[in-house]
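Line by line, the protein sequences are chains G and X. According to my numbering, the first sequence is numbered sequentially starting from 1. According to my numbering, the second sequence is numbered sequentially starting from 302.
I should point out that these hints are in silico values taken from the structure, not numbers from a laboratory. Glycine included, every Cβ here is placed at the ideal spot set by N, Cα and C. Careful: at least some of the hints might be erroneous.
Computed beta-carbon distance windows for the label pairs [stated by the list, open to error]:
hint: 1; chain 1: X; residue 1: Asn476; chain 2: G; residue 2: Phe288; range: 32 to 42 Å
hint: 2; chain 1: G; residue 1: Phe274; chain 2: X; residue 2: Ala454; range: 46 to 56 Å
hint: 3; chain 1: G; residue 1: Phe21; chain 2: X; residue 2: Glu429; range: 22 to 32 Å
hint: 4; chain 1: X; residue 1: Thr397; chain 2: G; residue 2: Phe21; range: 26 to 36 Å
hint: 5; chain 1: X; residue 1: His392; chain 2: G; residue 2: Ile196; range: 39 to 49 Å
hint: 6; chain 1: X; residue 1: Thr397; chain 2: G; residue 2: Glu203; range: 15 to 25 Å
hint: 7; chain 1: X; residue 1: Ala454; chain 2: G; residue 2: Phe288; range: 47 to 57 Å
hint: 8; chain 1: G; residue 1: Glu203; chain 2: X; residue 2: His392; range: 18 to 28 Å
hint: 9; chain 1: X; residue 1: His392; chain 2: G; residue 2: Pro88; range: 39 to 49 Å
With a straight-line Cα cutoff of 20 Å, these simulated SDA-like cross-link-like pairs (lysine to any residue) come out [to be verified]:
hint: 10; chain 1: X; residue 1: Lys533; chain 2: X; residue 2: Lys394
hint: 11; chain 1: X; residue 1: Lys453; chain 2: G; residue 2: Gln15
hint: 12; chain 1: X; residue 1: Lys394; chain 2: G; residue 2: Gln15
One letter stands for each residue in the lines below.
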Amino acid sequence: MIMKKINTFFYTLLQGILNIFRNKWFSLASVATISACLFLLGVFFAVVANAQHIVKTIQEEICLTVFFTEGTSTERMAEVQGIIDARPEVLRTQFHGADEEWEWFRENHLHADADDFWENPLEGMDNISVYMKDISQQPALVTFIQSIPDVDHLNYSPSLANTFSGVNGLISYVFVAIIVILLVVSIFLISNTVTIGISVRKEEINIMKYIGAKDFFVRAPFVLEGVLIGLVGAAIPLVIIYNGYNSLLKYVVDRFAMLSSLLDFLSVEEIFRFLTPVSLLVGVGIGFFGSMSTVKKHLDV
Amino acid sequence: MSKRKELKLQKQKQIMEENGIIYLDNVTKAYSKGSPAINGITLNIYRGEFVFIVGDSGSGKSTLIRLLLRELTATSGSVYVMGQDLAQIKHRKIPTFRRNLGVVFQDFRLLNDRNVYENVAFAQRVVETPNREIRHNVPAVLATVGLAGKYKAKTTQLSGGEQQRVALARALVNNPSILLADEPTGNLDPHNSWEIMSLLEEINQRGTTVVVVTHNREIVNTMKKRVIAMKKGVIVSDMEEGIYDDNEED
Numbered sequence: 001m002i003m004k005k006i007n008t009f010f011y012t013l014l015q016g017i018l019n020i021f022r023n024k025w026f027s028l029a030s031v032a033t034i035s036a037c038l039f040l041l042g043v044f045f046a047v048v049a050n051a052q053h054i055v056k057t058i059q060e061e062i063c064l065t066v067f068f069t070e071g072t073s074t075e076r077m078a079e080v081q082g083i084i085d086a087r088p089e090v091l092r093t094q095f096h097g098a099d100e101e102w103e104w105f106r107e108n109h110l111h112a113d114a115d116d117f118w119e120n121p122l123e124g125m126d127n128i129s130v131y132m133k134d135i136s137q138q139p140a141l142v143t144f145i146q147s148i149p150d151v152d153h154l155n156y157s158p159s160l161a162n163t164f165s166g167v168n169g170l171i172s173y174v175f176v177a178i179i180v181i182l183l184v185v186s187i188f189l190i191s192n193t194v195t196i197g198i199s200v201r202k203e204e205i206n207i208m209k210y211i212g213a214k215d216f217f218v219r220a221p222f223v224l225e226g227v228l229i230g231l232v233g234a235a236i237p238l239v240i241i242y243n244g245y246n247s248l249l250k251y252v253v254d255r256f257a258m259l260s261s262l263l264d265f266l267s268v269e270e271i272f273r274f275l276t277p278v279s280l281l282v283g284v285g286i287g288f289f290g291s292m293s294t295v296k297k298h299l300d301v
Numbered sequence: 302m303s304k305r306k307e308l309k310l311q312k313q314k315q316i317m318e319e320n321g322i323i324y325l326d327n328v329t330k331a332y333s334k335g336s337p338a339i340n341g342i343t344l345n346i347y348r349g350e351f352v353f354i355v356g357d358s359g360s361g362k363s364t365l366i367r368l369l370l371r372e373l374t375a376t377s378g379s380v381y382v383m384g385q386d387l388a389q390i391k392h393r394k395i396p397t398f399r400r401n402l403g404v405v406f407q408d409f410r411l412l413n414d415r416n417v418y419e420n421v422a423f424a425q426r427v428v429e430t431p432n433r434e435i436r437h438n439v440p441a442v443l444a445t446v447g448l449a450g451k452y453k454a455k456t457t458q459l460s461g462g463e464q465q466r467v468a469l470a471r472a473l474v475n476n477p478s479i480l481l482a483d484e485p486t487g488n489l490d491p492h493n494s495w496e497i498m499s500l501l502e503e504i505n506q507r508g509t510t511v512v513v514v515t516h517n518r519e520i521v522n523t524m525k526k527r528v529i530a531m532k533k534g535v536i537v538s539d540m541e542e543g544i545y546d547d548n549e550e551d
């Protein structure tokens with residue numbers, strides 16, 4: 001009994017692989033469709049993920065500055081810094097003492113003229129720079145900081161925050177919308193190709209059924225064929241995008257050093273952490289479910 | 302074996318002995334439009350018989366074959382094959398039932414991307430026959446139909462007669478109790494037609510029940526077998542050593 005099952009398993013496996021070569025034009029068309037769709041998806045993902053990453057990097061550099069009421073002790077300022085640091089939306093904080101700031105300014109900008117100043121003009125201007133993880137949460141943080149005793153006032157730009165969170169939100173929406181559209185188009189195109197390919201072989205399925213083949217026996221080679229086609233179709237664009245992205249990144253860094261120092265691009269590994277499982281899942285998933293449902297339509301003989 | 306299954310098999314055996322290996326009890330098959338394709342047929346075909354079913358187009362012959370294959374179910378009445386009431390067979394059990402039948406079609410229905418050996422072996426693989434047995438059975442059955450030397454050939458390289466012999470070999474390799482042939486000589490020249498009929502007769506002499514649906518008057522009239530004539534969904538004559546009568550067709 002087990003031997004029979006093993007025989008059947010290897011037979012269906014072999015038939016699934018042979019089917020790909022028996023129907024080479026259909027196989028090629030399916031692989032090409034899957035590859036083209038997933039290539040578009042991959043390229044678009046790489047572009048949008050980078051755009052999002054760049055916007056995020058820039059907004060992390062935007063800070064609000066907290067000033068204290070006159071006479072606040074250094075210990076209290078450190079305490080307030082701790083309270084702000086503990087907030088989940090805060091990425092990091094940095095304390096700027098008036099004396100250290102003045103010292104730095106004298107050394108770096110005034111040079112010989114430094115001796116003309118006897119007093120620290122920045123006296124009483126100790127402050128904390130607060131950098132946020134997500135700038136859209138700035139209003140809530142501002143309200144919180146303003147409620148802390150000894151905080152005098154804050155310097156920040158509500159319009160900058162609004163612009164950035166708007167851009168970020170827009171990119172996210174557009175990204176999700178286009179990914180969904182591309183996925184739906186891919187699924188439609190790929191399953192259509194698989195459907196046509198299998199419908200052509202309706203007669204073969206009928207013959208198998210007349211001979212007394214069980215549904216599994218008929219379906220297994222087709223499903224395996226669909227999965228293999230999906231796998232190959234997904235692997236091709238991944239390889240192309242991997243090499244293409246790496247080359248492009250290298251080219252940008254070499255040719256446009258200025259641009260690459262300003263903008264922080266995602267590494268190919270970061271892109272592929274998402275792209276590999278999604279592409280493989282879409283390719284294999286469509287191959288599996290597409291062939292499964294198409295064969296099912298013809299099994300009722 | 303459970304008591305229930307034993308009783309079921311006993312009942313099937315009894316139906317088969319009393320009413321034949323194929324038994325239609327007042328069967329009607331109506332499609333959604335028009336008059337029924339089969340209208341109240343009662344028919345008994347016994348084990349080991351050779352039966353011709355004749356009739357013009359639209360007489361209900363093909364519907365009858367499809368009912369026997371359990372491709373269709375009767376609108377009313379019961380169809381029994383090997384004592385099994387086909388209406389009672391669950392969808393997943395249909396393949397197992399069909400393994401009792403060998404089927405041959407007018408258009409051969411071979412897997413054209415496989416060679417002769419693989420087409421015949423396929424029927425054995427479907428029933429999970431071990432490879433060792435397949436390697437023994439396939440050449441033997443190909444020898445029976447006179448194609449032992451062509452086992453490697455692609456089916457598309459064969460003549461119509463040879464293709465039908467491959468189909469016959471595929472139908473026979475699992476030793477079915479019943480062989481259903483739907484217009485097996487419809488696409489063949491007279492010489493090949495007679496060769497196929499000789500093979501069918503030989504198979505029948507070995508004990509297989511053979512049911513042949515045909516238009517071929519010459520073959521029916523020469524072979525002197527039981528002839529069931531159908532017209533507009535009913536049986537108009539059923540004769541032992543019968544002939545295909547012009548008047549019945551009109």
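Evaluated hints:
1. X/Asn476 to G/Phe288: 32 to 42 Å: Roughly 37 Å apart at Cβ, these two residues keep to the hinted range, so it holds.
2. G/Phe274 to X/Ala454: 46 to 56 Å: holds, 52 Å
3. G/Phe21 to X/Glu429: 22 to 32 Å: holds, 25 Å
4. X/Thr397 to G/Phe21: 26 to 36 Å: Once the Cβ atoms are compared, 31 Å apart, the range 26 to 36 Å for phenylalanine 21 of chain G and threonine 397 of chain X holds.
5. X/His392 to G/Ile196: 39 to 49 Å: At roughly 26 Å between Cβ atoms, isoleucine 196 of chain G and histidine 392 of chain X fall outside 39 to 49 Å, so the hint is violated.
6. X/Thr397 to G/Glu203: 15 to 25 Å: Holds - the Cβ-Cβ distance for threonine 397 of chain X and glutamate 203 of chain G, about 23 Å, lies within 15 to 25 Å.
7. X/Ala454 to G/Phe288: 47 to 57 Å: Check failed, 35 Å falls outside 47 to 57 Å.
8. G/Glu203 to X/His392: 18 to 28 Å: For histidine 392 of chain X against glutamate 203 of chain G, whose Cβ atoms are near 21 Å apart, the range 18 to 28 Å holds.
9. X/His392 to G/Pro88: 39 to 49 Å: violated, 57 Å
10. X/Lys533 to X/Lys394: Violated, at roughly 32 Å.
11. X/Lys453 to G/Gln15: Given pair lysine 453 of chain X, glutamine 15 of chain G holds - Cα atoms ~18 Å apart, limit 20 Å.
12. X/Lys394 to G/Gln15: The hint is violated at about 24 Å.
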